[in-house]
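Peer 1: I would like the entire structure built from these sequences, with the hints used as guidance.
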Amino acid sequence: MLVPLKWLKEYVKIDVPVHELAYHLTMTGTKVEGITKQGEGISNVVVGRICDIHPHPNADKLVVCIVDVGDRKLQIVTGASNVKEGQLVPVALDGATLPGGYRITVTSLRGVESYGMLCSGEELGLTEEDYPGAEVDGILILQEEYPLGMDIKEALGLDDEVLEFEITSNRPDCLSVIGIAREAAVALSSTFNPPRIEVKRGVGDVNVEARVVVEAPDLCPRYCARVVKDVKIAPSPRWMQRRLAAAGVRPINNIVDITNYVMLEMGHPMHAFDLDKVAGRTIVVRRARDGEKLVTLDDKERLLTSDMLVIADVEKAIGLAGVMGGANTEITDETRNILLESALFDRGCIRKTAKALGIRSEASLRFEKGLDIHNAMAALDRAAQLIQQLGVGTVVEGVIDVCHGSLEKRVLEIPYKRVNDLLGINLSADEMADILRKLEFKVDVKGEYMEIEVPSFRQDIEGVADIAEEVARIYGYNNIPMTLMEGTISRGKKTRKQKLIDKVKDVLVGTGLYEVVTYSFTSPRVYESIGITDPQLIPKTVKILNPLGEDQSIMRTTLIPSLLEVLSHNYNRGIERCQIFEIGTAFLPKSLPLEDLPEEKPLLTIAEYGPDVDYYDLKGKVEVLLEELGLLDEAEFVPHVHPTFHPGRTALLKLEGKEIGILGEIHPKVAQNYQIEERVLVAELQLDILLSLAKEERKYRPLPKYPAVERDLAVVVKKEVLAAQVESCIKELGGQLLEKVKLFDVYEGAQIPQGYKSLAYSLSYRAADRTLTDEEVNSLHDSIVKGLEQKLGARLR
Amino acid sequence: MKAELEQIRREAEQVLASVSNLQDLTNFRVEYLGKKGKLTQILRGMGSLPPEERPKIGQLANEIRAYIEGEIEKKKKVLEEEALNQRLKAETIDVTMPGRRHHRGKLHPLSIVLNEIKDIFLGMGFEIAEGPEVEWDYYNFEALNIPKNHPARDTQDTFYITENILLRTHTSPTQIRVMERQKPPIKIIVPGRVYRSDAVDATHSPIFHQVEGLVIDKNITMGDLRGVLDVFAKELFGPQTRTRFRPHHFPFTEPSAEMDVSCTTCGGEGCRVCSYTGWIEILGAGMVHPKVLKYGGIDPEQYSGFAFGMGLDRITNLKYGIDDIRLLFENDIRFLEQF
Ligand SMILES: [Zn+2]
Chain A
1 MLVPLKWLKE YVKIDVPVHE LAYHLTMTGT KVEGITKQGE GISNVVVGRI
51 CDIHPHPNAD KLVVCIVDVG DRKLQIVTGA SNVKEGQLVP VALDGATLPG
101 GYRITVTSLR GVESYGMLCS GEELGLTEED YPGAEVDGIL ILQEEYPLGM
151 DIKEALGLDD EVLEFEITSN RPDCLSVIGI AREAAVALSS TFNPPRIEVK
201 RGVGDVNVEA RVVVEAPDLC PRYCARVVKD VKIAPSPRWM QRRLAAAGVR
251 PINNIVDITN YVMLEMGHPM HAFDLDKVAG RTIVVRRARD GEKLVTLDDK
301 ERLLTSDMLV IADVEKAIGL AGVMGGANTE ITDETRNILL ESALFDRGCI
351 RKTAKALGIR SEASLRFEKG LDIHNAMAAL DRAAQLIQQL GVGTVVEGVI
401 DVCHGSLEKR VLEIPYKRVN DLLGINLSAD EMADILRKLE FKVDVKGEYM
451 EIEVPSFRQD IEGVADIAEE VARIYGYNNI PMTLMEGTIS RGKKTRKQKL
501 IDKVKDVLVG TGLYEVVTYS FTSPRVYESI GITDPQLIPK TVKILNPLGE
551 DQSIMRTTLI PSLLEVLSHN YNRGIERCQI FEIGTAFLPK SLPLEDLPEE
601 KPLLTIAEYG PDVDYYDLKG KVEVLLEELG LLDEAEFVPH VHPTFHPGRT
651 ALLKLEGKEI GILGEIHPKV AQNYQIEERV LVAELQLDIL LSLAKEERKY
701 RPLPKYPAVE RDLAVVVKKE VLAAQVESCI KELGGQLLEK VKLFDVYEGA
751 QIPQGYKSLA YSLSYRAADR TLTDEEVNSL HDSIVKGLEQ KLGARLR
Chain B
1001 MKAELEQIRR EAEQVLASVS NLQDLTNFRV EYLGKKGKLT QILRGMGSLP
1051 PEERPKIGQL ANEIRAYIEG EIEKKKKVLE EEALNQRLKA ETIDVTMPGR
1101 RHHRGKLHPL SIVLNEIKDI FLGMGFEIAE GPEVEWDYYN FEALNIPKNH
1151 PARDTQDTFY ITENILLRTH TSPTQIRVME RQKPPIKIIV PGRVYRSDAV
1201 DATHSPIFHQ VEGLVIDKNI TMGDLRGVLD VFAKELFGPQ TRTRFRPHHF
1251 PFTEPSAEMD VSCTTCGGEG CRVCSYTGWI EILGAGMVHP KVLKYGGIDP
1301 EQYSGFAFGM GLDRITNLKY GIDDIRLLFE NDIRFLEQF
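Respectively, the protein sequence lines represent chains A and B.
Read left to right, the first sequence gives residues 1 to 797 (my numbering).
Read left to right, the second sequence gives residues 1001 to 1339 (my numbering).
In silico lysine-lysine, DSS-like type, Cα no more than 25 Å apart, as pairs:
no.	chain 1	residue 1	chain 2	residue 2
1	A	Lys417	B	Lys1291
2	B	Lys1118	A	Lys601
3	B	Lys1106	A	Lys619
4	A	Lys277	A	Lys229
5	B	Lys1183	A	Lys493
6	A	Lys499	B	Lys1106
7	B	Lys1148	A	Lys355
8	B	Lys1183	A	Lys497
9	A	Lys503	B	Lys1106
10	A	Lys543	B	Lys1148
11	B	Lys1234	A	Lys493
12	B	Lys1319	A	Lys505
13	B	Lys1106	A	Lys505
14	B	Lys1118	A	Lys499
15	A	Lys355	A	Lys293
Source of the hints: derived by calculation from the structure; they are not laboratory data.
Only a predicted model underlies this, so the values are computations on that prediction, with no experimental measurement involved.
Peer 2: As structure tokens, then:
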């Protein structure tokens, strides 16, 4: 909402500088977003008359003008072709400034001195709304007489300041100059002087000139209309045009401008119909027919449905109620008789219609927020008053008023103590009543209660909380003493799961991984990118009906593509090492089409590339995490094949027989899809299962009292035999006395037959209650060797 | 023989003085005191002495042996000290060369700031609640006093999944979910990811993060809201921070407010960051609307409460002086390693 300061000052006394006004309004709830000074940056630009135009001696495209600026005549060179002798134009004098910091000085143009510059509308920062012809290609030609040498800002009325307000959806009454003036008066403790609305007695009888039938009273609680005859369509006066322009509304003609002016001033949208084009001179307010068509004022044909409300005559639709008028009854230069509409329409219906048709008009934006039923009539009278004042036409006596809505006052009974209790202040009933009265509430204090009559323009006020806000914002939010909920004592703590997630992140960061945050929607094509082409394997996904684009149209079911994107981003920027993890949500529909909320499954995904990064590096990180969660001992890593991964370098992680996730090297083709020409390692684990299994309890084990006996063991086994098999076999055979097994060397090559590998372990034997003898250890060690031979076909090396 | 012994003592003294390393010292000991050493050699001749002289000579020989051994020990200490000093000298390194660093990762800046925020509220007795990101229209809008076709829906452009299921546009639906399952007193914060169909630019992202707060009990006042959020702002931005509340409108709170903090860059003087106002808006808040309490199954005649919501991404950017929200989601390692 744009409000020119001069207009505002007509209705409220303002003695403070504009920024102070802005501060007080903002702090009482009418937020000022910005203040613009019209004509800012323009100086030393005056009105001049072109006396004489010569051709330029050295340039075909330039002309030399002699310009009278009042006290002297200047020679000025211009390239514009639209100048003629006798015209009034803006002249930037030597030393003038223009918006954007441009400075004009005397210069020589192709050998001819130019003592200034003739300005275009664009050079003055003007638009067509500010002044007709401002967007013409060429010099701005002034259309009225002004004294020569007059400051152009004064001539064009560019000496105002315009406040921009952010008006919240609960305060449509403030989408008006009067509404803001009312707030300003309270904020500044000043006086509010709304215009006095008086319509002089008209001629004839409105009921003879037109008829209004409301067929859909549920969607149109009130329809007020007046008729104006013998109108003379012309531009509205400059002062009105200037105000409209400053408020961001384009001036059109006197009648349309008056309806817009009243909307801006009073906050109630109006519409004018060319009455001679209204068939039967009858306004019918009805639901549209399905498939009915209407060409609106913007020349677009609209296809209507039966839940939309139209203004019609006896034959056809002539307007979209509360949204936009129809072209068929538009005010034109030939219009002679008009019908002025000021009505109230159903909020929801207007909003649905405007949304369905993609129209956001000044009218619909106001109607959908809920307007004052009384203001409809006041605005109509105000328009009639302006028509009479400006002599635009003859107002017909009388008003048509079809009212089905309630005009009754709303009265609330509010215990004033509850207002104090909610705010944490201690005002007396009278102090509260004073504040409310300033805001035009009528208040009777009756003991513990305030009987409050809500002004009709405050549709938003419903109960004690609303009254409390009114009191608080005028009392001053920042005057409410700060307190800290005395009496409400509670323990603040994290849940087990929250603590464990913190721990997981901490451990992973400790292993060298950076945490990343990526989008949770993605492209349906990511499955192909990660090598999943079999439709059977592509998971069901949650789809967004109105995505920003195809690339962000499904909710992810895996974080792997997101993390590969991050690796790719870093790889393509020449970053040598990128090791990352994310804890994020996968969205898994329970059924499609979606009837219930999808399952939201937390995933932990790790991805990395870099110099020493390989499967064992990744597995090491996973092992550290498992160890910290007390799960390493029972973890099983089982070779696995998955289309995203390298077929020989991938494992499933299992705990207690449950699949927790997958880890391995990314398939080279997948890495290629992400333009990464290095080995890429990825793990994706189901965090919820992992955390539910986590063992946080730790028990002290006494330190050993007796020495350990170390023995090495190197065996040759077939290549297919897994280290995990060998190790579990050793452990099984070693029993209680075998304390530790550690693989320290793997060898293939010379001395080892083709298809075999050598595994070297260091074994540590220890008893808790005695020192083991060599004999005991030797026989145990031998039995392990024999067992390996029998079970796995191993040979001692 | 006595003379010989004296001679050996003198000779040993001289030789020992010239010994300059531990190896020579070992050789010296062997040469004089070893089984075939000079002193031993002389003592072999003891047999030819008259018996009465033997004890004297024997005693003398032992004295000399003890003396030489003592000298060797002394010399050894000196030489060892020297050798150690030499080694230490040889081992001198350039302590200005870079250290071998254990490679450690970092938390994302959003997590770092969220952890700070959580700690502040945990310290004030809040618990941390969570809610789903794919949410019912009912929880996201209806139960928060934003019926269908309410203009307040405009400010939150929504991604829909079905007519009734959407991506939550704020963390506020969790307010209702918590009220439904827990009786007052309620004192929670709700961090989480939210979605709005905004095109991406330096200050907008279709996905961002909020931290919601909700307190409900008997006798909760707007003064409590101010007090709690003032403590929060001072903890997060430093004790010099000032707060101010401006009236605003949210359908789910009444009275509603926006809270500004004194500019973290200029301290309130006015600068580019705060658009020369000295203040930066960081959150929206208010007293829970009675209708919202009712939707949550809580009697507004008995209980009152306040709620607030802040943009985590915005606060993170403010704290670190990050000028483009896209950096948070790009995850360039050179960005992440700065925090
Ligand atoms: Zn600042």
